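Student: The chain contents come next:
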Amino acid sequence: MELAIVAAKALFILLLILQVMALGVFFERKVSALIQDRIGANRASILGFAGLGIINTLVADPVKFLLKEDIVPAGADRVLHFLAPCLAVIPLLVTFSVVPFGDVLVIGERVINLQAAELNAGLLYVLAMASLGVYGVIIAGWASNNRWSLMGGVRGSAQMISYEIAMGLALVGVVLTWETLDLQAIVRAQGELLWGWIPAWGILYQPLGFVIFAVAGIAESKRIPFDLPESESELVSGYFTEYSGSKHLMFMMADFVEVVLVAVLVTTLFFGGWQVPWLARDGFHLPWGGSVLLPSIAVAALQVTSFALKLVFFTWLQIVVRWTLPRFRYDQLMKLGWKGLLPLALVNVVLTALAILLWGERVA
Amino acid sequence: MSPIAFFVVAALAVASALGVVLNRNPVHGACALVAHLFLLAVFFVGLDAQLVGVLQVIVYAGAVVVLFLFVIMLLNLQADVRSMVGAPLVFAAAACVGALVTLILGGLREPGAAAGTALAQGYGETQELARVLFTRYALPFELTSLLLLVAIVGAVALARKRG
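Chains as they are written, first to last, in my numbering: chain A, 1 to 364; chain B, 1 to 163.
Chain A extracted, bound-state conformation (with noise of 0.2 angstroms):
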């Protein structure tokens, strides 16, 4: 029975990554279309209803790319170019088995908490695994035999590890504020409420950590403004120019989960991750006086809701300054990384540390 419910929680967030990350690829054809004021996918309405066509190319394209021809190029080391794709996806995917997706669930006398792997490190185990996608990135690089390939992978590795000490960094501050590794421990803290009546999301406490934590999170997930490694305009495709079929899919599939995964740690870090402001385990409890007494089910619906939805808002968020914001030179984005943001997060740690040494702990 425990062992049924850990799997369907597991099934559960990882259903709802894979759905988020359908809708992100929708963004990406129509918010894209609507900022370069074209049409788009112009295949993508059911009965002249453009919101049913998430059905209809979200179907189409997979089935596209699984049914082409695979290809691989001659002199590439077998092996590798085979296992490259499962390398840049699946440590993502495992990423998200300790994001807590809700509070708990009551069924009689059961309380389930709802997140599939309760890790005291989870936070760290997050980096950890996000930190192997690099390996998808320089293998397909290398094993392609392609110089456009190489170049890729070179470039997406030496980026990738660069932006990561940012990222890492930016992290503590979170890390000192709620005084836990624990996702879901963190996210329980940000239910608390300020005077009585502002919730404590992470944001209010760490407003530069999450600029840092932003701007990073995009250049590790490789895409414009921080898109070198693929660059169409100079390496074709970048280290994934030599596959085409399932392969080519998977890698486009880690671009994808990699921007929900930007957006899952922002919410669940910054955002309240499941909180509804004023919602309690039960039901709502108004600052202005007055509750709304709710059953264990709603509020976990509730819950599981706001989750889902500030999801679905940050991807769009990183779709839309994909497609708004020019690419960097790779100087520049070395520059970036190292003389910028690095320093950036160094004086946030300082900064936090200072704040909770002088007003105690979380003080605002």
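Calculated from the structure, these hints are not laboratory results. Since the model is a prediction, treat every value here as computed from it, not as a measurement. Each hint should be verified, as a subset may be incorrect.
As the list claims (entries may be wrong) - If we take Cβ atoms under 8 angstroms as the criterion, some of the chain A residues that face chain B in the derived model are:
#: 1; residue: ALA128
#: 2; residue: ILE138
#: 3; residue: ALA158
#: 4; residue: ILE356
#: 5; residue: GLY360
Just so it is clear, CB atoms sit at the ideal spot from N, CA and C, and this is done for glycine as well.
Given the structure of chain A, go ahead and fit chain B onto it with the hints provided.
Tutor: Relative to the frame of chain A, chain B by itself:
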């Protein structure tokens, strides 16, 4: 960790370690090294040391070997490579490994405190580890960071163009 899981992981770990040494292709060797380091992290988690396991992945699998691969690709090392190892080096290496194995076996023969004792409350958790690190082992910890700083400064000094 159940015995079956242990032996499966151990066999994989030994196989990947052999892969590091026996592969002629440096990229394959580095990949085997990643696999090996990851499997070591699995052992740590199996020993209730979640934090150490996760740090193992972040530092070694996620950063150090990436740099190895990066350098291998920049230098464009080819599969073959001449053997740079003469007989004296082989003997020295064998002696080192032998000494290490003897030491480890010697350590195993001592019935250490670990055998049969229950784990302390919060064993392997972040808070416990941090407490020990910043109280009992504060000096070695800070000295290590100083050592790393010296290494970084040294690397920068070496890399600067002369003249």
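Student: Does ILE138/A pass the interface check with chain B, least Cβ-Cβ distance below 8 angstroms?
Tutor: holds, 5 angstroms
Student: The hint names GLY360/A as touching chain B; please verify it with the least Cβ-Cβ distance against 8 angstroms.
Tutor: violated, 19 angstroms
Student: With a cut-off of 8 angstroms, does the beta carbon of ILE356/A approach a beta carbon of chain B closely enough for the hint to hold?
Tutor: violated, 15 angstroms
Student: Taking 8 angstroms as the limit, does the beta-carbon of ALA128/A come near enough to a beta-carbon in chain B?
Tutor: Since chain B brings a Cβ to about 4 angstroms from ALA128/A, closer than 8 angstroms, the hint holds.
Student: Can the hint on ALA158/A be confirmed by a CB-to-CB distance to chain B that is less than 8 angstroms?
Tutor: holds, 7 angstroms
Of the numbered hints given earlier, the model fails hints 4, 5; all others are met.
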